[in-house]
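Number of protein chains: 2
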Amino acid sequence: MTLTIALDGMGGDHAPGIVVDGAAIALGRAPDLRFVLYGDEAKLGPLLAARPELAAATAVHHTPDFVPGDAKPSVALRQGRNTSMRLAINAVKDGEAAAAVSAGNTGALMGMAKFVLKTLPGIDRPAISSVMPGRSKPVVVLDLGANVDCTAEHLFQFAVMGEVFARVILGVAKPRVALLNVGTEEGKGDDVVRGAAAMLRDSGLPIDFKGFVEGTDVTEGVADVVVTDGFTGNVALKIAEGTATMFTAALRDAIVKGGLRAKLGYLIAKPAFQVLKDRFDPRRYNGAMFLGLSGVVVKSHGGTDALGFSAAIGVAADLVAKRTNERITEEMRGVQPTVAEAAQAVAS
Amino acid sequence: MTLTIALDGMGGDHAPGIVVDGAAIALGRAPDLRFVLYGDEAKLGPLLAARPELAAATAVHHTPDFVPGDAKPSVALRQGRNTSMRLAINAVKDGEAAAAVSAGNTGALMGMAKFVLKTLPGIDRPAISSVMPGRSKPVVVLDLGANVDCTAEHLFQFAVMGEVFARVILGVAKPRVALLNVGTEEGKGDDVVRGAAAMLRDSGLPIDFKGFVEGTDVTEGVADVVVTDGFTGNVALKIAEGTATMFTAALRDAIVKGGLRAKLGYLIAKPAFQVLKDRFDPRRYNGAMFLGLSGVVVKSHGGTDALGFSAAIGVAADLVAKRTNERITEEMRGVQPTVAEAAQAVAS
Numbered sequence: 001m002t003l004t005i006a007l008d009g010m011g012g013d014h015a016p017g018i019v020v021d022g023a024a025i026a027l028g029r030a031p032d033l034r035f036v037l038y039g040d041e042a043k044l045g046p047l048l049a050a051r052p053e054l055a056a057a058t059a060v061h062h063t064p065d066f067v068p069g070d071a072k073p074s075v076a077l078r079q080g081r082n083t084s085m086r087l088a089i090n091a092v093k094d095g096e097a098a099a100a101v102s103a104g105n106t107g108a109l110m111g112m113a114k115f116v117l118k119t120l121p122g123i124d125r126p127a128i129s130s131v132m133p134g135r136s137k138p139v140v141v142l143d144l145g146a147n148v149d150c151t152a153e154h155l156f157q158f159a160v161m162g163e164v165f166a167r168v169i170l171g172v173a174k175p176r177v178a179l180l181n182v183g184t185e186e187g188k189g190d191d192v193v194r195g196a197a198a199m200l201r202d203s204g205l206p207i208d209f210k211g212f213v214e215g216t217d218v219t220e221g222v223a224d225v226v227v228t229d230g231f232t233g234n235v236a237l238k239i240a241e242g243t244a245t246m247f248t249a250a251l252r253d254a255i256v257k258g259g260l261r262a263k264l265g266y267l268i269a270k271p272a273f274q275v276l277k278d279r280f281d282p283r284r285y286n287g288a289m290f291l292g293l294s295g296v297v298v299k300s301h302g303g304t305d306a307l308g309f310s311a312a313i314g315v316a317a318d319l320v321a322k323r324t325n326e327r328i329t330e331e332m333r334g335v336q337p338t339v340a341e342a343a344q345a346v347a348s
Numbered sequence: 001m002t003l004t005i006a007l008d009g010m011g012g013d014h015a016p017g018i019v020v021d022g023a024a025i026a027l028g029r030a031p032d033l034r035f036v037l038y039g040d041e042a043k044l045g046p047l048l049a050a051r052p053e054l055a056a057a058t059a060v061h062h063t064p065d066f067v068p069g070d071a072k073p074s075v076a077l078r079q080g081r082n083t084s085m086r087l088a089i090n091a092v093k094d095g096e097a098a099a100a101v102s103a104g105n106t107g108a109l110m111g112m113a114k115f116v117l118k119t120l121p122g123i124d125r126p127a128i129s130s131v132m133p134g135r136s137k138p139v140v141v142l143d144l145g146a147n148v149d150c151t152a153e154h155l156f157q158f159a160v161m162g163e164v165f166a167r168v169i170l171g172v173a174k175p176r177v178a179l180l181n182v183g184t185e186e187g188k189g190d191d192v193v194r195g196a197a198a199m200l201r202d203s204g205l206p207i208d209f210k211g212f213v214e215g216t217d218v219t220e221g222v223a224d225v226v227v228t229d230g231f232t233g234n235v236a237l238k239i240a241e242g243t244a245t246m247f248t249a250a251l252r253d254a255i256v257k258g259g260l261r262a263k264l265g266y267l268i269a270k271p272a273f274q275v276l277k278d279r280f281d282p283r284r285y286n287g288a289m290f291l292g293l294s295g296v297v298v299k300s301h302g303g304t305d306a307l308g309f310s311a312a313i314g315v316a317a318d319l320v321a322k323r324t325n326e327r328i329t330e331e332m333r334g335v336q337p338t339v340a341e342a343a344q345a346v347a348s
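Just so you know, the protein sequences line up as chains D and S, in that order. Going by the working numbering, the residue at position 90 of the first sequence is 90; the numbering climbs one at a time, nothing skipped. Going by the working numbering, the residue at position 24 of the second sequence is 24; the numbering climbs one at a time, nothing skipped.
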């Protein structure tokens, strides 16, 4: 069965090259994929001409207009009706594509996706979710920045969505779900996290809720799904990135400044370093899912290369094939009426 | 001139050994130090007997009662009037010591310190501040967990305190101050960070305010002082710790699993690895300052060794010697009346 994915050909630092090359890699892995590609035909044409197999699987829509990387989301939403990003999302809404993938402006993509696709039944706010490297296995973390202000109800919904994602897409049989907090004891944190904890305990859903975790527990793998508000989640993700970058740079520094002896040792141990590098290769974790939308939208890292973009396409295809959104909707239907009422009371 | 520091002899995973040994190291570096040591004399006596120079500089107060590491701060505050931690803080209040240092329960220490010492004029809430490793130099970050809910006014006060700390203690001539946010653009974040940004711009204080920074900017060293609420700051600090730990473990793993060749390379390059290890040695960054109190209190990491504890004593001595609290008070007096009024309006 073919599966069609809409691609924003103009989003990302290295578009359209990485979009076309990424699609070619994805097609090589999954020959049933089909693409609808939005972007400047003058640029896309030659790239596709060099890849006849991809060209045969791709419909190009000439779309010269695009969302700049630094555009204000509100402006992009108002003025970007004919951009490659917007038309890729529209394709999902109109049923021409099963999912959309873009490496463009995150805020604009989320704003447009929310406006065009709306949220799933039972979900008030979509969340940005991604997979962070953990000590023994990857950890699903959400929200990573879509919602700077969250209520307990929002966090509860994020937890339900993250649990489904870990189960359905990552294949974790019984995902352990936790709320990110400043300590693990019950009374820790603010009203929002404590309220969300109460809702998760009383939901009646078969979620393996582990309570609160601290920052150090995330990489330790104490939970498979870590839930937080978009402010904290965004800072946490970027602090982790920054620390990893600093560490890698410091390692390089130590080797370079360590003189001949350090360089020799490094060369000898190089295969081991390569294993380490591959393990934390950000392209393995590329693709932030916009969970909670009535439609599948995946955001690739703006600075990604073709391999990373192909991973984001793979994630999108997987989300569709495994009916992730349908499962989230079913799960939300199972929430205990008392919790639903409490949520209503909190929301109003 | 001598400077007396009150020590909680019973706080920390490895107390009282690391407290006594840490004090001995600190005394070796600064022979003018004097100590008032609170704790169980039966345990402290033999340790001091083995260190006659330290014993001569130390007054021991037999205090069998102590705050357990897992005590609830509110319980410790109510029931811990005769604990080694509380008496060390009382010594600062009563003028018997210029500062207190403890490796015990952070929440209890902050709760007691706030209750006993109160805050400095112009400061509503004390903040936990520490120094995180950055790519080229350390970065002052606050609040790291004292206040999970913060107003714009609180963040503003934290910024003033952090700036004074970086200038006075770290010797940064003109510290660059920034607010941690989900993006660098002016409209990003919630009302709290945007409000704090407006106050910092309009304060009239000679602070080099750089606006917003993201998580990745912290380690990059875009600012010397990074200000955030205690929830986000606590998560950020622990995510950075967790990522560093994971990276170190992965490096070790890669060497061990890389077989003989990797081990040989490692052995040859070992001096370079040692440089790396020393650079990120958490003991170099030990000592979380409780800024904003009418008195100097420093929290050492609970799992610290003697070297780390001696660093915390050094920080406390430095805070006193450089009149940090007096300088914070002077700075707050210089805040523009309009900003002070706005703050008042926000607070009420």
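No lab work stands behind these hints: they were computed from the structure. It is possible that some hints are incorrect.
For identical chains, the list gives no copy identity; a pair is met inside one copy or between any two copies.
Calculated lysine-lysine pairs in the BS3-like style (CA-CA distance at most 27 Å, straight line) [claimed, not checked]:
#1 210 - 263
#2 174 - 137
#3 277 - 257
#4 72 - 263
#5 43 - 174
#6 277 - 210
#7 263 - 137
#8 137 - 257
#9 72 - 210
#10 93 - 137
#11 72 - 277
#12 114 - 174
Here the structure is a predicted model, which means the values were calculated and not measured.
Since the copies are identical, ignore which copy is meant and state whether residue 263 and residue 137 lie within 27 Å (CA to CA) inside a copy, between copies, both or neither.
between (31 Å within a copy, 25 Å between copies)
Alpha-carbon proximity between residue 277 and residue 210, which holds within one copy, between copies, both or neither at 27 Å
Neither, since 31 Å and 34 Å both go past 27 Å.
For the identical chains here, do residue 114 and residue 174 meet the 27 Å Cα criterion within one copy, between copies, both, or neither?
neither (30 Å within a copy, 44 Å between copies)
Using 27 Å as the alpha-carbon threshold, which applies to residue 277 and residue 257: within, between, both, or neither?
both (20 Å within a copy, 14 Å between copies)
Under a CA distance limit of 27 Å, which applies to residue 137 and residue 257: within one copy, between copies, both, or neither?
between (33 Å within a copy, 17 Å between copies)
Up to 27 Å between alpha-carbons, please classify residue 72 paired with residue 263: within, between, both or neither.
Intra 46 Å, inter 51 Å, cutoff 27 Å: neither.
Give the relationship of residue 210 and residue 263 under a CA distance limit of 27 Å: within one copy only, between copies only, both, or neither.
neither (46 Å within a copy, 39 Å between copies)
Pop the pair residue 72 and residue 210 into one bin, within, between, both or neither, using alpha-carbon distances up to 27 Å.
For residue 72 and residue 210, the Cα distance is within 27 Å only across copies (20 Å; inside one copy 38 Å).
Using 27 Å as the alpha-carbon threshold, which applies to residue 72 and residue 277: within, between, both, or neither?
neither (35 Å within a copy, 42 Å between copies)
Please work out whether the CA atoms of residue 43 and residue 174 approach to 27 Å or closer within one copy, between two copies, in both situations, or in neither?
Result: close neither inside a copy nor across copies, 46 Å intra and 48 Å inter.
Up to 27 Å CA-CA - residue 137 versus residue 93, copy category
neither (34 Å within a copy, 49 Å between copies)
If the cutoff is 27 Å on CA atoms, where do residue 174 and residue 137 land: within, between, both or neither? Let me know, please.
within (14 Å within a copy, 43 Å between copies)
When the structure is compared with the earlier hints, violations turn up for hints 1, 4, 5, 6, 10, 11, 12 and for no others.
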